[in-house]
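These protein sequence lines map, in sequence, to chains Z and L. Terminal number for the first sequence in the UniProt record's numbering: 205, no gaps in between. Terminal number for the second sequence in the UniProt record's numbering: 382, no gaps in between.
Don't read these hints as lab results, they were simulated from the structure. Be a bit skeptical, because a hint or two may be false.
Stated by the list, open to error - If you want a taste of the chain Z side facing chain L, the calculated C-beta under 7 Å gives, among others:
hint : residue
1    : Asn16
2    : Ser90
3    : Ser128
Only a predicted model underlies this, so the values are computations on that prediction, with no experimental measurement involved. Don't be surprised by glycine CBs; every beta carbon is placed ideally from N, CA and C.
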Amino acid sequence: MENTYFISNYCHVKNNAISLNGSLVYENEAVDLNTFLKSAYQNFQTDYPKFFKMDGLSKLAFMASEVLLKSIEMPEEGSNIAIVLSNRASSLDTDRKYQESISDSSNFYPSPAVFVYTLPNICIGEISIRHKLYSENSFFIFDQFNADYLYEYGASLIDSKKADSVLCGWVDVDKDKYEAFMYLVTKNGSTVHTKEEITRLYQYQ
Amino acid sequence: MNNPIISYNNIISSLGFDSATVVDKISKKESGLEKIIDQDILDRPFYSSMIDVGLLESSYSKLGTRQKYTKLEKMMIASLSDTLKSFEHPLNERVGLIVSTTKGNIDALDPNSSFNENRAYLGELAAQLKNFFHFETEPIVLSNACVSGVLAISVAKRLIKQDKFDHVFVVAGDLVTQFIISGFNAFQALSDLPCRPYCQTRSGINIGEVAASVLVTNDHSLAVEESVIVMGDASCNDANHISGPSRTGEGLHRSIESAMKEAAISANQVDYISAHGTATPYNDEMESIAFDRSGLSEVPLNSLKGYFGHTLGASGLLETIVGMHSLKNNTLYASLGFQEMGVSRPLNIIKDTTEKTLNIFLKTASGFGGSNTAVLFKKLNS
Numbered sequence: 001m002e003n004t005y006f007i008s009n010y011c012h013v014k015n016n017a018i019s020l021n022g023s024l025v026y027e028n029e030a031v032d033l034n035t036f037l038k039s040a041y042q043n044f045q046t047d048y049p050k051f052f053k054m055d056g057l058s059k060l061a062f063m064a065s066e067v068l069l070k071s072i073e074m075p076e077e078g079s080n081i082a083i084v085l086s087n088r089a090s091s092l093d094t095d096r097k098y099q100e101s102i103s104d105s106s107n108f109y110p111s112p113a114v115f116v117y118t119l120p121n122i123c124i125g126e127i128s129i130r131h132k133l134y135s136e137n138s139f140f141i142f143d144q145f146n147a148d149y150l151y152e153y154g155a156s157l158i159d160s161k162k163a164d165s166v167l168c169g170w171v172d173v174d175k176d177k178y179e180a181f182m183y184l185v186t187k188n189g190s191t192v193h194t195k196e197e198i199t200r201l202y203q204y205q
Numbered sequence: 001m002n003n004p005i006i007s008y009n010n011i012i013s014s015l016g017f018d019s020a021t022v023v024d025k026i027s028k029k030e031s032g033l034e035k036i037i038d039q040d041i042l043d044r045p046f047y048s049s050m051i052d053v054g055l056l057e058s059s060y061s062k063l064g065t066r067q068k069y070t071k072l073e074k075m076m077i078a079s080l081s082d083t084l085k086s087f088e089h090p091l092n093e094r095v096g097l098i099v100s101t102t103k104g105n106i107d108a109l110d111p112n113s114s115f116n117e118n119r120a121y122l123g124e125l126a127a128q129l130k131n132f133f134h135f136e137t138e139p140i141v142l143s144n145a146c147v148s149g150v151l152a153i154s155v156a157k158r159l160i161k162q163d164k165f166d167h168v169f170v171v172a173g174d175l176v177t178q179f180i181i182s183g184f185n186a187f188q189a190l191s192d193l194p195c196r197p198y199c200q201t202r203s204g205i206n207i208g209e210v211a212a213s214v215l216v217t218n219d220h221s222l223a224v225e226e227s228v229i230v231m232g233d234a235s236c237n238d239a240n241h242i243s244g245p246s247r248t249g250e251g252l253h254r255s256i257e258s259a260m261k262e263a264a265i266s267a268n269q270v271d272y273i274s275a276h277g278t279a280t281p282y283n284d285e286m287e288s289i290a291f292d293r294s295g296l297s298e299v300p301l302n303s304l305k306g307y308f309g310h311t312l313g314a315s316g317l318l319e320t321i322v323g324m325h326s327l328k329n330n331t332l333y334a335s336l337g338f339q340e341m342g343v344s345r346p347l348n349i350i351k352d353t354t355e356k357t358l359n360i361f362l363k364t365a366s367g368f369g370g371s372n373t374a375v376l377f378k379k380l381n382s
């Protein structure tokens, strides 16, 4: 608690738009999340075919982290960036799809490829694989965005030397609603890491 | 600040409804696994440890509530009631609640459920617990696949060291449901027999259900006989695959190294390893590689999956509690189901209940999403 940290960069994905540090970097009049993220993927010339196998939550978390982490210098052989994400709906969007596949015994088709995404932390695994992050990771569920716990836990990871920086945020997909907000907590920068600042940036349009 | 300790604890399982009873049965190599025939869950018999609804009802009815709760909520309320009973502080802003679960009330999505589908939101489950016990603070739900239960202890310790809380209650639980069983079955990961961690003839996992709870606190005066200090902990990702363990045990090895560094101990000071050991071919092999890389291949080790099956988000907490009692009783418990060595690197698997002076143990877990957690615990009264 005695140390001061900073928020170096942040990213929003909502309402068919992606912004980095408060500036719009992409928007599209897509009809649904999947179409929107696919066009964003193409727009940013992302070359990562695994993207297309992901569920909505992982695609959303992946795209937000792409935009955010592309804006910083990443060392070749991985960095010690911890990942702490949170949301309200856990993996329920995919859970419902999986439940549909087992509810009718005459039409029973459980798929391992769907089942594996019925855990919210899978999206952290996807980001870790993409950026070779052998780092601390955890996924929390809150009723709404909780700057207080994200602040405390993010700071504790750097204080205890478990991480050099922390990718924190909120990534939620629930039926036709979605929202991602990610920010990077670092040891150097100009925007001081406080609960108030996290809340302010989260609400920043 | 001193590192926090784990104090009061409870296990609700098919082996009993309190920690001491459960540990006594483990010492007698009594397994909670049995053959289950339930077409609503799986179209063939499977092995599991499930909590008897009648026993749960009678334990739970003593609490005298009229509210309608799900089975998982009843398990968690029964467990937390036992853990809370000797705690005399008010549940004020210095007392946190962490709920560890992978799937929560996932059975509420079943069209035949008598509960509203909204009960499947994990925040709903946490709200039921918060309201039942009148916690003042917002509960924290941790859902990080199969490492959740042990990672929850790590999160509790970190929030206490951060001076956010003085005391954190951790409750963990998951259910055996058609959702879970059909999923593991689709992965062809289920064994048709009681599981055999690390054994040559292992053929996959059993899924079981328990609820478990502990108090993590910085107040050492709340210690109980089996209390342990949380010495060091870490969770490192494999950065390799979302549903398969790393072939080099990278994340688990790194987690162990980081936990040992924080605890300032070396491998030869570890007296016992409570490993994950799910009895799938790849998981157990990965663990043997990671333990070997960390210089731990001679340390007595068990997996408790042969007693309960894999209890998902509760397993790490359940197995930590058994480890605490193992230290208190200075007794190593058998890794049930193991016969012939079935992994490529040496491991010192515990075959029989054995008395030995124990001071420090390592708890590990690994799970989907490439997650791994390692936590080191030391007997408080050593």
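**OP:** Answer holds if the nearest beta-carbon of chain L is closer than 7 Å to that of Ser128(Z); otherwise answer violated.
**Re:** Interface hint status for Ser128(Z): holds (4 Å vs cutoff 7 Å).
Original post:
Close enough to count: is the Cβ of Ser90(Z) nearer than 7 Å to one in chain L?
Top reply: Where the cut-off is 7 Å and the nearest Cβ of chain L is about 5 Å from Ser90(Z), the hint holds.
**OP:** Using 7 Å as the Cβ threshold, decide whether Asn16(Z) counts as touching chain L.
**Re:** violated, 25 Å
Of the numbered hints listed earlier, the single one contradicted by the structure is hint 1.
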